[in-house]
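Novice: Which chain is which? The protein sequence lines are R and G, in order. Per numbering that gives the first Met the number 0, residue 0 is the first one in the first sequence, and the count goes up by one each step. Per numbering that gives the first Met the number 0, residue 0 is the first one in the second sequence, and the count goes up by one each step.
Take the hints with a grain of salt, since some may be wrong.
Unchecked claim - Partial list, computed: chain R residues near chain G (C-beta under 10 Å):
#1 Pro32
#2 His36
#3 Ile203
#4 Ser219
#5 Ala287
#6 Tyr291
#7 Val306
None of these hints come from the bench; they were simulated from the model. All C-beta atoms, glycine included, are put in the ideal place defined by N, C-alpha and C.
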Amino acid sequence: MTLSVGPQHPGSGHFRLIITVDGDIIVKAEPDPGYVHRGEEKMAEVRNYIQNIPHIERPSIIDASGILYPYVLAVEDLLGKSAPERAQYIRMIMAELNRITSHLYFLSIFGIFLGHSTMFMWPMGDREVFIDLSQMIGGTRITFSHFVPGGVRSDAPDSFADKAEKTCDYFEGRLKEYERIFVNNPLCHQRTVGVGVLTKEDAIKLGVVGPSLRASGVKSDTRRDEPYDAYDKVDFEVPVYSEGDSYARLRVHFDEMRQSMSIIRQCIKQMPKGPVKQKLPPQLRPPAGEAYARTEAARGAMAYYIVSDGGNYPYRLKMNVASFRNLIAIPYLLKGVHLADMPTVYWGLDYWPVEADK
Amino acid sequence: MSAQSSLEQSLVQQLSSQFKDSVRSSSFKAKRFKITVDETIILKVAEYIRDQLGFDHAASVTGTDFPKDGVIEVVYHFTSYSKDDLRKVVGALAVRIPRDSPKIPSLINVWPSVEYHERETYEMLGVTFEGHPNLKRLLLPEDWSDIPPLRKDFTLPGR
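Just chain R, with the same shape it has in the complex (with noise of 0.2 Å):
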């Protein structure tokens, strides 16, 4: 029997998935994306270098931060400029309150897909802690519209490093209680080891980024393999399990969080004083040529890749996102799964359709 799940809201935001069902066991799932598609590649050909950096922010809100790093340093690179030091902390600490906050609404979408409701509650309601604690810096909630080349808009007030330090600690506690009521719940692990497994010679073959990746067993993080800005000068683990399922995606996201705590920590110690911006023209003009930056988002590698002809407007923007690059494993992930765990393992893969349709 052949299903038609979505496109309203299988998981979060609007998808659609053609599943083929056996029983309640899948044996084919195709992907049919393109619900949400807003031709944003197409968008930034008529805007200008400034003007992209709000709209490109949009596919990920949740991630402001992280889809737009590489856009800055892809434009960065073809002006041959880089920000200032300490504005190169602001970025980095950016990235990773967005990391934990994506990390955060991920367990809580987990939570409610396991029936768990209170799992869905906390990491909602902590979220709103680094959410204020990002405020401080990006000045609004969600769409900071932060990072520009050369720098960051807005540097990080006295205050902010008690802050931070402050609710790190409180965070630390609440990883511990997470742990306690869901991670080592025994109904968690009914639901999430051994489902939706992914070998590692398919992730790699797959091409598949993030946490997924790291899940099954591959040590691959652009933090690590490629530093840009100042990650060469913090350190972090790089959490790796290698199982491949659900429940390693789970723990991956778990110990991201404790890692970007830890960075966050480092950087508000090594931050040195200075500018947060490099002046540069209003009218950003690019030489000819063409870029292309990755980092490190929350969902995994982010990418741009820029062609500039040296006009005001970059000749074609390409949007290279995590989660269109995990979308080729949903029907590995999903075949042989319980109609009942689609939710979670589609939802494991941190696949959010917004970001793909770009």
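Knowing the structure of chain R, use the given hints to seat chain G on it.
Specialist: Relative to the frame of chain R, chain G by itself:
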């Protein structure tokens, strides 16, 4: 720094000496290199890049329309998970094909990760990837009847 740039340089040199006459242009900078080849040998070059150089997956496929030159450039960006020294390098394999009949062989058998990227390039720029098993529309509406939207002659309403 010199050790890094020599890696990209040696990769480009290796490819250029292997496919001498079919290489149209090549360039490299820190952690990046690009090689443009004839579309007739793209499968061979890709296989060589995967098997001999060790780049195990493609990260993206991009098409760029150049109406002035009458070509569409298709670029495959690739990198590696399994070889540690190649992880920091992103290579680009490009072909320039006539824009009135853009056709190239699909690289899906070399890098399975290009499946959806090639479908996207097919609908957004009208490039046909021969040998792709499921080359159909992906993101655009089902009733889309205009020219491929990322072609330069497609203008946005009001612009």
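Novice: Measuring from the C-beta of alanine 287 of chain R to each C-beta in chain G, is the shortest one below 10 Å?
Specialist: 12 Å, violated
Novice: Hey, does the valine 306 of chain R contact hint survive, CB to chain G under 10 Å?
Specialist: Since chain G brings a Cβ to about 6 Å from valine 306 of chain R, closer than 10 Å, the hint holds.
Novice: So, isoleucine 203 of chain R near chain G? Judge it on the closest CB pair being under 10 Å.
Specialist: 5 Å, holds
Novice: Would you settle whether the hint for histidine 36 of chain R is holds or violated, based on the nearest Cβ-Cβ distance to chain G being less than 10 Å?
Specialist: OK, holds: histidine 36 of chain R within 10 Å of chain G, min 4 Å.
Novice: Should the interface hint for serine 219 of chain R be scored as holding, given a Cβ-Cβ cut-off of 10 Å against chain G?
Specialist: 5 Å, holds
Novice: When the nearest CB of chain G is found for proline 32 of chain R, is that gap smaller than 10 Å?
Specialist: This hint holds: proline 32 of chain R lies near chain G, its Cβ roughly 6 Å from the closest one there, short of 10 Å.
Novice: Was the hint right that tyrosine 291 of chain R lines chain G, CB cutoff 10 Å?
Specialist: 6 Å, holds
When held up to the earlier numbered hints, the structure conflicts with hint 5 and nothing else.
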